[in-house]
Structures are given as C-alpha cells and as structure tokens.
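S.K.: Chains as they are written, first to last, in the working numbering: chain C, 1 to 456; chain S, 1 to 446.
What the hints contain is simulated information worked out from the structure, not anything from laboratory work. Note that CB positions come from ideal geometry on N, CA and C, so glycine has one too. Treat each hint with caution, since some may be false.
As the list claims (entries may be wrong) - With beta-carbon atoms standing in for the labels, derived distance ranges:
hint, chain 1, residue 1, chain 2, residue 2, range
1, S, G361, C, D233, 29 to 37 Å
2, S, D293, C, T48, 47 to 55 Å
3, C, A103, S, E201, 36 to 44 Å
4, C, A230, S, D300, 24 to 32 Å
5, S, A365, C, D392, 37 to 45 Å
Listed below are the residues making up each chain.
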Amino acid sequence: MPDHGTSATGPKDTAPAAGSAAALPQLRKAVVVGGNRIPFARTGGAYTKSSNQDMLTAALDGLIARFGLQDERIGEVAAGAVLKHSRDFNLTREAVLGSALAAETPAYDLQQACATGLETVLGLANKIKLGQIDSAIAGGVDSASDAPIAVSEGLREVLLDLNRAKTLPQRLQVLSRLRPKDLAPDAPNTGEPRTGLSMGEHQALTTAQWKITREAQDELAFKSHHNLAAAYDAGFFDDLLTPYRGLTRDSNLRAETSLEKLATLKPVFGKSLGTAATMTAGNSTPLTDGASTVLLASEEWADSHDLPKLATVVDGEAAAVDFVHGKDGLLMAPAFAVPRLLARNGLSLEDIDFFEIHEAFAGTVLSTLAAWEDDEFGRTRLGLDGAFGSIDKSKLNVNGSSLAAGHPFAATGGRIVASLAKMLHAKGQVDGRPARGLISICAAGGQGVVAILEAL
Amino acid sequence: MTDTYIQWVSKGLGKDIAKRLGLPQPVVLRRHKPGQPLVEGPVLVQGAGSGADELASTLLSWHLDVRRHAVPKEKLGAIILVLDELTTPEDLEKPVLAAAASLRDLARNARVITVSRAAAAAAGPAVAAARQGVDGLLRSLAKELRAGATGNGIVLADGATTTSPSTLGALRFFLSGRSAFVDGQFLTVTADAGRLPADAEKPLAGKVAVVTGAARGIGAAIARTLYRDGATLIVVDIPAAGDHLATVANEVHGTALQLDISREDAGQRIIDHAIERHGRLDIVIHNAGITRDKLLANMDRGRWNSVIAVNIAAQLRINEALLASEHFRSSPRIVSVASTSGIAGNRGQTNYAASKGGVMGMVRATAPLIAAHGGSINAVAPGFIETEMTARIPFATREVARRLNSLQQGGRPGDVAEAIAFLASDAAGGISGEVLRVCGQNLVGA
C-alpha cells in the first residue's frame with residue numbers, strides 16, 4: 001500500500017495535528033453524572049417480548065429514579081438502535097414521552113452501528129462543552145429478539161406498484177409478477193453488505209492474521225466472566241443497573257465458567273481457514289437484548305441539582321478502515337483511532353489507568369493489542385518510529401466487558417461510559433493527576449470510535 | 001386485594017341478608033383525602049375540668065362544631081371524653097355515663113377519644129386505679145362501636161397537658177380519616193414537645209425522608225403518603241427490587257437508592273445519599289422486612305438468621321449510624337414497622353415475631369438517646385393488611401383473618417402509612433418510645 005505518496009499511513013491525513021486540542025478556546029467541561037442500564041439478556045431470553053422502545057424507556061426511567069429527574073426538562077436526549085423498525089423513526093423521542101421526564105425534553109436518534117452509544121455520549125458532551133445545552137442523556141438500545149423483518153425486494157416492489165395501480169386489470173397485472181420466492185421474509189443479519197461475510201468470519205480473518213491463539217482468546221473470555229461476576233458480587237452495579245423483567249444480572253454471565261470448560265467448545269467462525277479455527281461461542285459475544293443510558297451535564301448543572309460528578313468526557317475520535325479490499329480487518333479501526341486520539345491529547349498508553357476495549361470477540365481485543373505491539377504496523381500503518389506500545393493487561397476491562405455482559409449493539413457504549421466513570425471517580429488521583437480511562441469500540445462497516453474520560 | 005364482601009354487605013339485598021343472619025357488617029371506612037374536613041359532624045367534648053375547657057376552645061379555633069352538652073338526636077362526628085382529673089374510680093361515672101347517652105347518636109365512621117393521665121405508680125393507688133380504668137373502658141367501648149366508628153385514647157404523661165402540641169396532634173390524627181384502621185389504641189404523650197404544622201395538608205413540607213423496603217406494598221404506600229404530606233423522598237430497597245423501586249421513586253418525585261440494608265455500611269450510605277442529594281435528613285422509616293415462616297421445630301439457621309438480620313439487626317446498625325451523625329440532629333424522627341405478631345405471637349413466625357418484638361424493645365430503648373437531639377422514635381404494628389403477601393393466604397383463612405377485628409375488615413397499606421406519617425411529623429414530637437397498632441383492634445392476642 002505505500003503507493004499513496006509521502007504518507008506511510010495511507011490516505012492523506014487531514015486530522016488535527018497533535019496538541020491542537022490545547023489551541024481551542026477554553027471550553028467548559030462535560031461531566032458524567034452517572035448511568036443506568038437494564039441487565040443484558042441473551043436473545044430469545046427474558047426480553048423476547050420487549051421492544052426497543054420498552055427497553056429504552058425502562059433504562060431512562062431507572063436513570064430518572066436514581067437521580068430524581070422527574071418532570072425535568074433535559075437539554076437533549078440522544079440514543080439509537082442498530083436493529084430498528086422503520087416505525088421507530090423517532091425511537092428516542094417516543095421513549096422520552098413514555099418516561100417520567102418532562103415532555104418538553106427534545107430527543108434525536110443516532111446510528112453508528114456498535115459505536116452508536118459512545119457517539120451519542122461524544123456528540124452530547126460536545127454540545128455541553130459548547131454551552132448549547134446544560135444537561136443531556138445519551139443512550140442506546142438493541143433487541144435482536146424483536147428484530148425488524150422486512151419483506152423481500154420483489155414483494156416490496158409489487159406492493160408499492162399495487163398502491164399506484166388504478167384499475168382492477170392493472171392491479172391483477174402487478175400481482176401476476178409475484179413469485180413464491182418473493183414471499184420469503186428478509187431477516188436482518190450481521191453480514192457486511194460489501195463482502196457478504198459475517199462479522200465473525202471477518203474477525204476470524206483478522207484473528208488468524210495476528211496469530212491470536214485459542215488459549216489467549218479463552219483466557220480473555222474467562223477473565224471477562226470472572227471480573228463481571230466479581231463486580232456484581234461487590235455491589236459495583238447497585239447504582240448502575242435497574243432490574244428488568246425478572247433479570248437482576250446479565251443473563252450471559254457465567255460466573256462458574258472455567259478455562260477447561262471454554263476449551264471444550266467447538267469453533268464457530270473461521271472453520272474454512274487453513275489455520276486451526278480458534279473462535280468459539282465462548283470467546284465471541286452472543287446476540288443480546290438490552291438498553292443503557294448515561295446522564296451528562298455541565299459542572300454548574302450537576303452542582304445546582306446536587307448531583308455527583310464522576311468524570312469528564314475529555315475527547316473522542318472516530319476512525320474507519322478499508323476492510324473491503326482487505327487492507328485491514330473489519331474491526332481494526334480502533335487500532336488507528338486510539339493512536340490519533342492519544343497523540344492529539346499528548347498522551348501515551350502509559351498514561352491510561354483503565355482500558356475499556358469492547359469485546360466484540362476476544363480476537364478483536366487481542367488483535368488490536370497485537371497490532372499496537374507490532375513494529376511493522378507502527379511504522380507502516382501508524383507512521384510511528386516503531387510499535388505504538390503495549391498495555392498493562394491488569395488495567396484491561398477490570399469489571400468485565402461484552403464477552404460476559406453481552407452486547408446489545410447500541411447499548412454497549414453507555415454501559416462502558418457509566419461503568420468507567422464510576423471506576424475513575426473511585427480511583428480519584430494517580431500520580432498527582434486525575435485517573436484516566438480509554439474507551440475503544442469497534443463497529444460494523446470497518447468503523448471505530450474511541451474516547452478518553454478523566455476522573456473528577 | 002379487594003374485599004368483595006364489604007361491597008356486598010354495603011347495600012341492597014346483601015345488607016339485608018347480613019343483618020338478618022347476624023353476619024359481620026363491615027363498612028367502607030372514611031379515609032383521609034386531601035381537602036377533607038377533619039371530622040364530619042359536631043364534636044361533643046365531655047368532661048368538666050379546665051383541661052376539657054381548654055381543649056374545647058382549641059377545637060373551636062380549628063373551626064369545628066363543638067358541643068359541651070349533647071343535643072338529643074343530633075348525629076355526632078366525635079365524642080371527646082376528657083378524663084384528666086380523675087382521682088378515684090368513682091370519678092369515672094359522671095363523664096362516662098354522660099357520654100354513653102350520646103353513643104347511639106354517633107354518625108358512621110365517628111370517633112370516640114379519651115384523654116386521660118398515665119397511671120404511674122407515684123400517683124397513688126386510687127388515682128392509678130382510676131387512670132388505668134380508662135384503659136379497660138376504652139378498649140371495651142371500641143369493641144362496642146359499630147359502622148366504622150373507632151375508639152382511641154390519648155394518655156398524658158407528666159409534663160404533658162391537654163393542649164400540648166402532641167396531644168393536639170394525636171387528637172387531630174384520631175379525629176381524622178388518617179386513623180381509619182386504628183381502633184382501641186392509646187398514644188402516650190411523653191413530653192410537651194413538637195408543634196402543629198403551619199399547613200395541615202402538608203405537615204411534612206421541607207422534610208427529607210427515607211423509606212426502606214419501598215419498592216412495593218406497605219413501603220410504597222408509606223412513600224406515597226409522605227410525599228402527599230409534603231416530604232422529599234429517598235426510597236430504598238434491595239437492588240433486585242430496583243425496577244419496582246424506580247417506579248415508586250418516579251411516582252413520588254424522589255430518588256431511588258438500591259441498597260441492601262443489612263450491609264455493614266448501609267446507615268452511612270443512606271446518610272451520604274441524603275446529604276449529597278438533598279442536603280438534609282429528617283425522617284427515617286424502617287419498613288424493610290422479610291418473613292421466612294416455619295414452625296420452630298422445623299426452623300433452620302438460614303431462615304432464622306436472615307429474618308433477624310434484616311428485620312432488627314439492620315435497623316439497630318442503621319440507627320447507630322444515624323444517632324452518631326451530625327446530619328441527624330434537627331428534630332429527627334425514626335419510625336419502625338413492627339407487627340402484631342411481635343405482640344400477640346403468630347404460629348409459624350417465631351423468627352419474625354422475635355425480630356418484631358425486638359423492634360419494639362429497640363424503639364423503647366432508643367427514645368432517650370434520640371431525645372438528646374430533640375428527636376423521637378416510635379413503632380407502628382400493623383395487623384391484617386391487604387397486601388400482595390396476605391393475598392396469597394388461602395381464601396378461607398384470609399376471610400376469617402380479615403374479619404377478626406372490631407372493624408371486621410383488613411386494613412390497607414395506606415392505613416399503616418398514615419400512622420407512620422403522623423409519627424414522623426413535627427406534631428408527634430412529644431410522642432416517643434411508643435408502639436401504635438394499626439390493626440382495627442384485633443380480637444385475638446393482646
């Protein structure tokens with residue numbers, strides 16, 4: 001690929017240069033007050049009959065109850081869903097209207113695949129920093145159980161033409177175009193439109209490319225379950241979660257799982273690859289239903305409402321990769337976003353106290369870390385002198401992540417932001433500076449969104 | 001849980017049949033609604049002394065229709081029997097028999113309230129006999145009253161007068177629909193403390209109150225009642241009940257605190273939440289409780305210990321934290337939910353009754369400690385209350401249980417809540433260390 005002229009990193013880099021954030025006029029802070037989510041449920045489980053609107057409303061009402069926001073006019077609410085019915089065009093606004101918030105609270109929907117939740121946080125935090133709003137609720141929801149099912153293209157065209165037909169003969173003529181195969185419904189899937197490969201198959205390519213072992217993936221999955229279970233037992237989620245439909249914990253959590261048990265699972269992705277397939281149902285996240293919300297505010301608003309201030313939303317960065325032509329793995333965008341974000345803020349991996357790297361698959365996390373530790377990748381793809389660096393694994397997903405909790409696509413960002421903000425606040429200061437956390441979320445379409453939070 | 005029998009005997013054929021067969025004839029009780037008059041109909045004040053005169057003029061200042069002498073055939077809203085100057089049992093005759101002449105003129109849901117003095121040993125044998133006589137008199141009279149009428153008494157300890165703030169507060173409570181399911185009970189005014197609210201409809205205005213076990217049932221009703229009375233609410237329940245808790249919190253415009261009260265640091269967590277989020281803490285209602293019923297012969301360690309841990313040990317620990325906190329020093333109020341099981345006992349509930357008996361002991365012993373901060377602590381002991389829990393009792397057992405009191409019906413969670421709201425108010429500042437039963441005067445047990 002070094003045929004792109006002078007830059008070794010590929011496309012012409014128009015991102016702000018390092019340190020440019022400091023050159024911006026002094027903005028006010030956007031703080032994370034807290035969050036609320038419902039337990040995440042494996043698809044087909046406790047939330048089978050719950051719609052996205054039901055779950056988002058429940059998550060909102062729990063947040064409102066926790067922070068006493070009844071009848072409050074919030075500056076703006078933004079949320080989204082990846083799998084969304086067309087009738088839910090105003091999903092977030094409808095959820096607000098069904099909640100205990102003031103009906104005068106505006107809302108908008110946003111969608112950026114699995115990065116939806118984090119992007120709502122960043123967008124709203126920016127509005128707060130700019131002084132456009134004083135308070136905001138960011139969120140996300142997804143249901144793979146109550147997923148929209150579309151009719152086939154053939155049937156859709158017939159139905160639309162039928163609507164336009166004026167006479168009976170015209171109508172019969174349109175109907176005569178219908179073929180039996182047109183009646184098969186078009187269910188959503190996680191396949192990439194441009195490659196036809198599922199997300200798991202894409203990751204299998206990346207996992208093999210970075211030579212990530214089955215053992216390393218199973219160990220990450222084991223730690224995720226172990227850490228999440230320990231967090232529940234310690235009461236960590238008591239002020240982050242509100243039970244829903246009889247669930248009080250994430251239903252995917254297997255507190256009793258072991259490396260031995262994980263080792264017995266058969267591979268499900270990458271079976272056609274030459275190398276031994278390594279990705280199992282144990283080290284991949286299952287389809288999940290759930291919703292999450294995060295309360296953001298200016299410092300003044302939080303103070304005037306006697307609300308806690310856990311952390312600030314420092315900065316965020318989005319990246320995308322060309323996975324279509326195989327230049328990078330589908331879920332590798334964060335490997336580029338994080339170096340850019342840290343450079344802009346004058347930070348390195350050593351300056352981070354908590355890493356929250358979304359576990360779409362264990363292989364995703366490990367491939368990203370492997371890329372950062374790779375000299376070649378650092379030089380040729382990141383334009384650095386060598387490897388970007390390595391992280392202290394004891395700082396990684398310390399209270400569990402998606403492998404254990406599950407991953408209702410748009411709800412994962414809110415889960416991570418609220419949990420990380422709480423951890424940062426509890427940590428307080430590190431070496432005389434506020435504790436710092438990094439969030440990294442990969443998304444379909446070869447995208448990724450990352451962010452930095454700092455303790456208050 | 002609706003009581004369909006009450007509907008059936010309240011009108012038409014059912015009423016007629018019940019009357020002919022001598023079946024129980026419970027009536028729909030007059031319960032407090034905002035804006036409702038304190039009492040419906042004239043109030044007859046019986047008693048000759050200066051205490052009775054003072055009380056009568058106070059009632060007049062409340063714009064009540066006060067009678068010092070009965071008007072024949074006039075329906076009465078209440079009879080107040082002032083017996084604060086008894087010196088011998090013979091002194092009872094005149095006022096009691098005078099009141100007796102008016103009993104048939106009591107309206108539906110009327111009130112009979114005695115005001116007497118505590119039968120302390122120091123008073124001397126004859127005086128104590130006269131005063132203690134009021135106890136038996138009132139409890140028996142309450143059992144004779146019909147059609148939702150109740151009889152309750154106010155006992156004045158040394159230092160309390162007929163017009164002490166808490167005497168008047170208790171009088172207002174007993175007269176009103178707030179005490180609908182309180183029958184045959186006494187409240188002792190222990191001190192000339194407390195004050196009547198500026199706004200009788202919002203007696204808890206400006207107060208920050210914590211209610212534990214607030215996700216459902218009696219706890220949720222307490223939260224709603226305190227909210228109606230003007231308090232700012234912090235509702236607490238175990239994290240697993242968080243969804244119901246959130247619903248209650250949003251209904252009462254409060255904050256939800258998901259917390260297991262049996263945690264070591266529960267008291268501090270409650271105080272921190274109250275101070276950080278609401279700037280103060282005035283009232284704590286210990287309502288959270290569990291049952292793990294089993295005959296004692298079959299009792300296991302888990303059932304025994306969990307009930308003791310949640311129902312009494314947690315309250316003791318939280319109270320310790322509250323009493324030690326500088327944030328709980330401005331006329332603080334604690335009200336605990338006990339149970340008639342802890343008084344009269346209940347087969348299969350040795351653990352529960354031990355814990356609830358414990359609550360009453362704790363309340364008595366904590367009263368002098370909290371008095372140092374101008375505070376008070378009391379307990380409310382509910383009898384048969386129509387809740388999700390009692391709805392699970394088999395039909396026949398439930399039907400018998402709910403009729404076995406003077407009002408011949410089960411109480412509602414709101415009835416318990418009303419008693420708690422009163423004891424949590426400034427008007428109850430001179431009442432401490434007491435247990436008030438909300439049981440419709442259970443016929444069995446104490």
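S.K.: Would you mind marking each hint as holding or not holding in the structure?
M.R.: To see whether the hints hold, each was checked on the structure:
no. : hint                         : in the structure
1   : S:G361 to C:D233: 29 to 37 Å : holds, 34 Å
2   : S:D293 to C:T48: 47 to 55 Å  : violated, 35 Å
3   : C:A103 to S:E201: 36 to 44 Å : violated, 27 Å
4   : C:A230 to S:D300: 24 to 32 Å : holds, 29 Å
5   : S:A365 to C:D392: 37 to 45 Å : violated, 54 Å
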